[in-house]
Amino acid sequence: MKYEAVIGLEVHAQLLTDSKLFCGCSTRFGSEPNTQVCQICLGMPGVLPVLNKKAVEFAVKMSLAVNCRINPRSIFARKNYFYPDLPKGYQVSQYTEPLSEHGHLEIDIDGGRKRIGITRIHMEEDAGKLLHGEGIEDSNFSFVDLNRTGVPLIEIVSEPDMRTSDEAVAYLKALRDILVYLRICDGNMEEGSFRCDANVSVRLMGAEKLGTKAELKNMNSFKYVKEAIDYEIQRQIDLVENGEKVVQETRLFDASKGITASMRSKEEAHDYRYFPEPDLLPLNVGAKLVDQARETLPELPEAKRARFITDYAIPPYDAGVLTATRELADYYEEVVKATGEPKVSSNWVMGELLRLLKEDGKDVGDCALKPSAIADLIGMIKKGAISGKMAKEVFEEMYKTGKPPAGIVKARGITQISDESELAGVIDRVLEANPESVDRYRSGKVQLFGFFVGETMKATKGQANPQAVNKILKEKLAG
Amino acid sequence: MSITKKDVLHVADLARLALTEKEIDLYTGQLQRILSYVEKLSELDTSGVAPTTTTVPPETAFREDRVTPSLAQEDALRNAPLSEKGCFKVPKIIE
Ligand SMILES: [Zn+2]
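Protein chains in written order, with the numbering used here: chain A, 1 to 479; chain B, 1 to 95.
These aren't lab readings, by the way, just hints derived from the structure by calculation.
Check each hint, because a few of them may be wrong.
[What the hints assert, rightly or not] Each computed DSBU-like pair below joins lysine-lysine, with the alpha-carbon atoms no more than 30 Å apart:
#: 1; chain 1: A; residue 1: LYS129; chain 2: B; residue 2: LYS85
#: 2; chain 1: A; residue 1: LYS476; chain 2: A; residue 2: LYS173
#: 3; chain 1: B; residue 1: LYS89; chain 2: A; residue 2: LYS217
#: 4; chain 1: B; residue 1: LYS6; chain 2: A; residue 2: LYS88
Isolated chain A, as found in the complex:
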C-alpha cells in the first residue's frame, strides 16, 4: 500500500434521561410532533435554562469509562447558526472548556490490540427534526418537529488514530458497548440515538503531514460507516493519483449508491461565533459527583470478556457473544453459578436460547425462561434423566411457556431410563424372548447387536438411556 488513511470519529450519543438538558420536557421518542416542547426549548424570550443533573452524571460516567480527565470547571457556549430545526438560532454546547479530555480506549484488531485516543467529551443539546415525505406531500415546504430539541447529547471526539474502516467500526462498537453497559444511551443507530461523523484524509505511507480531510455524515449503521469510509479513501487516493486536490468539505453518504457526495449548501456556515452562554453558569462538577459516578461504574465489556475467558475457561468467541449485553452476561453467570458447568451453560445460552430469541426478535430481558430452569435442565441431562436430544425439545417448550423442565418431562412422559437395575430387567426379558438370536450372536454374528438395542428401545418406548443399554447389553451378551 502506497497510501494510508487517517480517520477520526465524532460520535453523538443521546443520553437516557427522562427530561431534556435544560427544561422539564419529556425526551420520549415517537410522540406526536411538537407535544414535548416548552418556552425554554422553543427559545422564547426571557426564559432561563437550568442544567439536568442526571445528564451531567451520565456524561461523567462515560468520561471515566474511557479514561478521560474530568475538568473541574467547564463552560457552556453558544454555537450560532441558522437552521429550521434550531429554534433559538444557536445550539448550547461546550467549546473551549469541555467536560473532559485526554481519554482512550482499546480495540481488538487483526488479533492484536490498539489504543485509540479520545480527545474530548462535551455536553450539548440536540436539535429538532425535519420531516420529509412520510405522507407530507408539499414540495415547497419542510415540516419541523421540535420534540427532540434540547435532548441531552454527549459528543465524543476521537484522535485521528484509526487507519482503516475496520478500525473505525471496531472503535465505534467498543464505544457503543460501553454506553449501553453504562445504561446511559440505548445505542440505536437507526433511530439516531447513536450517530457518527467521520473525518477522513489520506497521505503517502510514512508521511508526517496530514492530508486535507473530508467530513462524512449520514451513516446510520456500522455497515454504512465502513462503506462510506472505504469509498472515501479510494476517492481521495484517485484524486491524489490524478494530481488533483482533495477539498475540505462535508460529504453525505448515499446508501443506495454506496458513494459519498459533496454537500455544497453550507459554504460559509463554519463561522459559528462561539461565545460563553450567558444564561448558564460554568459547570463545576465537584469531587462528590465524580466519586459517586466512579463508585457506580459497572464492570465494563472489555473487563467482563477477559474475566469470562479466565474464570470460566470458555473460548474468546463465547465470551464475546455472552458479554454483548450486561443482561445476557448476568443471565449466563446465573446459569453457571447454579450448574458449575461454564462451557455446557454457554452452549445452551449461546446456542439454543440466543437462537430462539433471535427468531422472535427478542432480548434476554423479555424472555420468560429463568436461568434456574436452564440449570435444572442441565442437571437432568447430567444425571441421565433425559437425553441431549430430548432436552432440546424440552428446552423449546420451556422457552415458550417459562415452565421448569421437570414438569414438562413428566407431562410428555419422556423421562429417560438410566437406572441400571431397571434396564437390566428389561434386557433380561428381551434376551429370554430371543434365544436363537442370542446363540447366533455368541457364535460370532456380532451385527445382531443393533437388533438387541432396537428391541430394548421398543420395550421401553424409546426411553432407555442408549449408553446404559449398550453397556448392559455388552455385559449380558458376553455371557
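Fit chain B with the ligand to the given chain A structure using the hints.
Just chain B with the ligand now, kept in the frame of chain A:
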C-alpha cells in the same frame, strides 16, 4: 482593529440580514465606534488574570431529572407564521 465594509457584509450574511448601501456605511461607522470604545479595556494589563464569565458564586445550580408538563401543541405552534399537521411549516430546505 478596524471594521471594513467586508466585515459588515459577512456578519450581515451570517445573520441573514439584507442591507442597503446606506445601511452598510452606517453600520460600518457604528460598529467601528463601538469596538474602539470597548478596545479601551485592552489598555489594562490582564495577563495572568483568568477570564471572568460570571461573578456569581461557583456552585452549579442543577435541576433533578423530572418531567414537567410541556405546552399544548396548539400553543407551541401559536406564534408560527405557518403550521400544518402539528408541525412548524417552513420554506423547503434543500440538502
Ligand atoms: Zn422544554
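Legend entry - Hint numbers not upheld by this structure, sorted from lowest to highest: As far as the earlier hints go, only 2 is violated by this structure.
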